[in-house]
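Asks: Protein chains in written order, with the working numbering: chain D, 80 to 407; chain X, 80 to 407.
No wet-lab data here; the hints were simulated from the structure. There could be a bad hint or two in this list.
The calculated DSSO-like cross-link candidates involving lysine-lysine, where the alpha carbons are at most 30 Å apart (straight line), are [unchecked claim]:
#1 D:129 / D:82
#2 D:107 / D:154
#3 D:321 / X:263
#4 D:348 / X:196
#5 X:342 / X:396
#6 X:263 / D:154
#7 X:342 / X:328
#8 D:324 / X:263
Part of the chain D face toward chain X, derived, beta carbon under 7 Å [as the list claims (entries may be wrong)]:
#9 206
#10 210
#11 213
#12 280
#13 304
#14 316
#15 318
#16 319
#17 322
#18 331
#19 336
#20 349
Per the computed footprint, the stretches of chain D lying under chain X, defined by three or more beta-carbons under 8 Å from a beta-carbon of chain X, are [what the hints assert, rightly or not]:
#21 164 to 170
#22 215 to 228
#23 307 to 314
Glycine is no exception: its CB is placed at the ideal position from the N, C-alpha and C atoms.
Residues per chain are reported as follows:
Protein chains: 2
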Amino acid sequence: MLKIAIDAMGGDNGPSPIIEGLLLALKKNKNFEAIAVGNKEELLPLIPQKFDHRIEIYDCNDVISMSDSATDALKRKDSSAYIAIDLVKTGVADAYVSAGHSGASMSLATLRIGRIKGVSRPAIATLMPTVDKNTLVLDVGANVDCDANNLKEFAIMGQVYAEDVLGIDDPLTGLLSNGEEESKGNEVSKEAYKLLEHIPNFAGNVEGNDIFNGSTDVVVCDGFIGNIMLKSAEGVADTIGKIIKNNLKRSLVSILGAVLMRKVFKSLKVKVDYAEYGGAPLLGVKAPVIIAHGKSNAKAIQNAIFQAVAAAQSDLKIDIENRLQQYK
Amino acid sequence: MLKIAIDAMGGDNGPSPIIEGLLLALKKNKNFEAIAVGNKEELLPLIPQKFDHRIEIYDCNDVISMSDSATDALKRKDSSAYIAIDLVKTGVADAYVSAGHSGASMSLATLRIGRIKGVSRPAIATLMPTVDKNTLVLDVGANVDCDANNLKEFAIMGQVYAEDVLGIDDPLTGLLSNGEEESKGNEVSKEAYKLLEHIPNFAGNVEGNDIFNGSTDVVVCDGFIGNIMLKSAEGVADTIGKIIKNNLKRSLVSILGAVLMRKVFKSLKVKVDYAEYGGAPLLGVKAPVIIAHGKSNAKAIQNAIFQAVAAAQSDLKIDIENRLQQYK
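Model the full structure from these sequences, guided by the hints.
Replies: Written as structure tokens, this is what we have:
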């Protein structure tokens, strides 16, 4: 039976939403079991007895907090993140999920579980919504300075993830740039363009708006730009919501309008709610590692666990290794 | 009398919206005159006789089209952009406005009008909306690869523009990065951080969402990232609009709701409509140069002209020169 190791202590709101999300996931999917790593005294009361046979608690007394340095993670051997990662490293568990310190999860996964053969640097991928589908964007934060070869590897890893886990055939892949023409780009992206021309389904340069119009399936950039793009997108959505709310308050007619439109706003909210997407996979390590928002609610954790299960049931690792070898 | 040179032939929709915007601007502001550079036969019928004394037509027969290369701009000496720029260079006009080929305008302005003393590279600045104010972001496209010193100069030019033209005292200035901590950033931005610590009103690193929450007045980044951020923001706003429209169609109740909310949507539209902001100033050249969208309507051109007038009436050039010298 598939086993998912869960860092039950990470996350801004303690173990409650993590365990709640795990229970939701276990109810909906009978094909996996979990190892919840964390303080037994805190976790036990959160788990109904009927889940005893599907959740094993691995007791530990340390947790890497958001304010700790990621570089200390390797020394914190009794922390929930360290132990959960090691359960995957030793093969006791098949995948890892954490809403804790993302830098610590990345370091531990990269250094303890290890990189897939051919991967220079693992990358964090995330799904961005468009009107009728999603776009997988990577890297969104693991690697701040990248060279052209890193970007090429991200493209290949993103394509394999899109195929194996998201079920997209021949995922069209763009290179994020400041214009569509081949001549556009900064030094690194222009060099990457030349490398990417040799991989299948390369769509050339794409612009920021292309991420949100669904013209490609995978978009590649360095983690500095990916993070700025992601946060900017969140900022725009937040600001639009606030402007609407502030203007609503000025008239009863508008408020009535908003009530009548509530189904529309609900559909929109579902589209832009991170919780619907779960977490972000760290691609390029030897086992599925899903990094969830620190503020994850139960639904986000449930979906992060589903991502871990789907990735663990796929041939992601071997396919990434083979594809990188093929287009070396 | 202040004279604005207008490239009347640039723009996706020919001279009509340009002249229409100019007429709007002239009606509302009596303190300037214009030189419209373009084909006299095309322009004359667009200008009512009563504006004859405030609009001079400078006849020419060439226009740099959007598909032309910016590098050819310097050879196209009979083009509307070249001539309008030269009217500023020779002091016949005080500022330049164009909705034509932005690369051509940038090259011509930089090479013909010339850079302000102390400026390594001019930068394009643009206003991004927040709930209750705007954030000036630069560079959004002039310089794809930048070093730390370029970013420092952008910060200083942005601050002076915010003070002199936007009327903001002590403009708080952030460096766009992947996290707020000083340790965050890529190689160039970390180096820039150290330089920026020596200028006043430096707010440290800011994230993508900070552009849209109004926490700072000026945000600095390289033109590659600025372009991606700008296009991503436009993409998010477009996609939210489309999701709302698509969902509206599914129910009459929702459509009624939207009708009742139309004032709210109108306020939102005003906030995110580029036409409200006019164009983007190219900061660092010796005279005000305003680059408008190719698709500019009359309102956008009117506002671009107002920006040119405001910049020409300010001490922008001398203040940028002095401030750069002061924080060299």
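Asks: Go through the numbered hints given earlier and state which of them the structure violates, listing their numbers in rising order.
Replies: Checked against the structure, the hints that fail are numbers 2, 4, 5, 8, 9, 11, 12, 18, 20 and 21, while the rest are satisfied.
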